[in-house]
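Peer 1: What follows is the residue order along each chain.
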Amino acid sequence: MPLDCGTSIRDVKMAYCTYGTLNADKSNAILVCHALTGDQFAASKQPITGKNGWWDQMIGPGKVLDTDKYFIVSSNVLGGCMGTTGPKDINPETGSPYGLNFPIITIGDMVRAQALLQDYLGIDSWFSLIGGSMGGMQVLQWASAYPERCFSAIPIACAARHSAQNIAFHEVGRQAVMADPSWQGGDYYDSETKPTAGLAVARMAAHVTYLSEAALHRKFGRNLQDRDRLTYGFDADFQVESYLRYQGINFVDRFDANSYLYITRAMDYFDLVEDHGGSLANAFQKTPTRFCVVSFSSDWLFPTSENREIVHALIAAAANVSFVEVETDKGHDAFLLDTPEMFKTIQGFLQSSAKSRGLTDE
Amino acid sequence: MNEQEKFIPKRDIRVDWQLIAEMIKPGSRVLDVGCDDGQLLAHLTETKNVDGRGLELSQAGVNICVANGLSVVQGNADTDLGFYPDGGFDYAILSKTLQATHQPHVVLEQLLRIGQRAIVSFPNFANWRCRSYLAFKGRMPMTHSLDTPWYETPNIHFCTLKDFTALCGKMGVTIEQTVIVDASGKVMTRTNYGAFANLFGADCIFMLSKKKA
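Chains as they are written, first to last, in our numbering: chain P, 123 to 484; chain Y, 60 to 272.
One or more of the hints may lead you astray.
Claimed, not checked - With a Cα cut of at most 27 Å, we get these calculated DSSO-like pairs of lysine-lysine: (1) Y:K196 / Y:K229; (2) P:K477 / Y:K107; (3) P:K408 / Y:K196; (4) P:K408 / Y:K84; (5) Y:K84 / P:K477.
These are calculated hints, taken from the structure and not from any lab test.
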């Protein structure tokens with residue numbers, strides 16, 4: 123498979139889960155695109171953590187992504203670490219793990235791999251594509267690269283280009299990983315120690331960006347963790363510290379540090395505006411795809427203003443577009459949480475799209 | 060109920076919507092600017108099979124529209140119409156929104172750029188009820204179509220039937236059709252532009268196009 127960086131990669135494996143049943147004319151398939159640290163287990167138990175899928179609330183019988191009506195496909199991205207080819211896999215050229223010999227991948231490459239999966243499944247066009255954050259970037263990339271293969275598209279809490287602020291946060295995360303002596307230039311797969319400390323710090327820093335000041339205040343305030351008074355030390359005195367440490371420690375069990383480097387880089391490189399001669403509208407000229415863009419009022423990682431840029435470009439391209447900003451204090455993470463306004467919006471959009479595609483309830 | 064609210068006659072449906080629907084050719088492309096909760100768009104989609112899009116300022120309205128399957132984006136008529144391509148729609152509708160815009164004449168120009176035709180409805184401030192309300196009560200008029208007190212009304216640019224036709228003339232806009240409705244919701248059959256209509260007309264609906272050179 124050719125890659126945007128100029129090289130190519132062979133023997134690509136794709137790991138994916140499906141939910142529901144593909145109908146006879148294969149017109150009810152929805153591709154769910156996961157975010158930076160997500161995986162294909164969108165609505166099944168994650169094998170390492172044993173926890174429910176990251177979009178369990180969205181996918182299932184009678185839910186927004188109704189498995190009684192739709193066939194849901196959720197694949198692990200190229201460069202990931204849950205089964206799809208990524209840096210921890212064996213390089214067929216050398217017989218040892220890729221590590222940093224894994225080529226730099228882009229959102230475009232991730233989508234190209236998903237298109238191969240679509241071919242493999244024999245699906246001519248997705249009924250819909252949906253994803254938040256990096257998942258939303260994939261949705262935009264899909265709609266711009268393969269418009270005829272996307273009947274509808276639901277990019278959530280994302281942007282058409284990664285902002286300087288977001289690149290900055292990613293760089294902090296990558297430096298935390300690379301500063302861990304156990305990282306060993308990315309060649310740690312055969313060694314006893316893994317760069318878990320660095321990866322945990324990266325996750326902690328990133329996790330703050332997924333929340334909002336209001337949500338942090340509501341959840342933790344300045345509450346102390348299992349103690350009555352400050353310890354005058356560097357223990358996790360505050361609940362918020364304890365929470366972040368927990369987030370960091372749990373993350374490293376299920377995620378590969380090199381994958382984190384590669385996937386954050388792919389997001390940094392994402393720029394649909396630059397890819398289309400400086401005009402985002404060019405990415406969607408004459409698009410047949412119906413769009414529903416969703417943003418969250420307290421999201422400062424992918425703020426409403428950046429989602430609105432996508433909407434304006436779609437309007438300029440005469441696309442069929444809906445746009446809803448959901449009022450919430452939950453920050454960027456709102457797309458993963460119980461956000462009824464988002465559920466209603468997407469459900470309504472999918473129902474009208476189903477009607478216009480002639481999908482009937484069976 | 061305060062003293063002013065007592066004067067608001069009750070009405071169930073918006074007559075101007077039915078009249079607007081009558082003006083629209085089936086199967087056309089329609090943009091409803093200020094589409095509120097999407098009732099007109101839904102009506103046009105059902106009865107006229109239009110390819111409808113909406114722009115709405117209030118987030119609550121947008122959310123209802125999208126949840127009901129309408130293609131609507133949150134945005135502002137004063138600032139966001141510039142994003143739409145030239146002639147992308149057969150009709151650009153502005154139903155009872157003109158008086159809430161900051162620059163009605165600029166919005167009108169945009170509507171006529173985006174749509175082959177613009178359909179504009181607005182309450183006639185010269186209606187006798189408004190006139191007498193102001194004359195005898197000495198208060199800012201509140202009627203069925205002007206139902207919020209002056210300090211919280213979104214309606215900042217009221218105009219009369221005469222004012223609007225004068226603006227159309229000044230802008231070189233062709234008035235293709237005019238429908239005036241009286242306070243009881245009946246379409247007025249007597250003169251369209253005269254003082255009579257300006258006195259008894261409650262709601263005005265205009266279909267406009269750019270004047271041919």
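Peer 1: Now look at each hint and say whether the structure bears it out.
Peer 2: Checked hints:
1. Y:K196 / Y:K229: violated, 34 Å
2. P:K477 / Y:K107: holds, 17 Å
3. P:K408 / Y:K196: It is violated: about 56 Å lies between the C-alpha atoms, which goes past 27 Å.
4. P:K408 / Y:K84: holds, 24 Å
5. Y:K84 / P:K477: Within the cut-off at roughly 22 Å; holds.
Hint compliance for this structure: hints 1, 3 are not met, and every other hint is.
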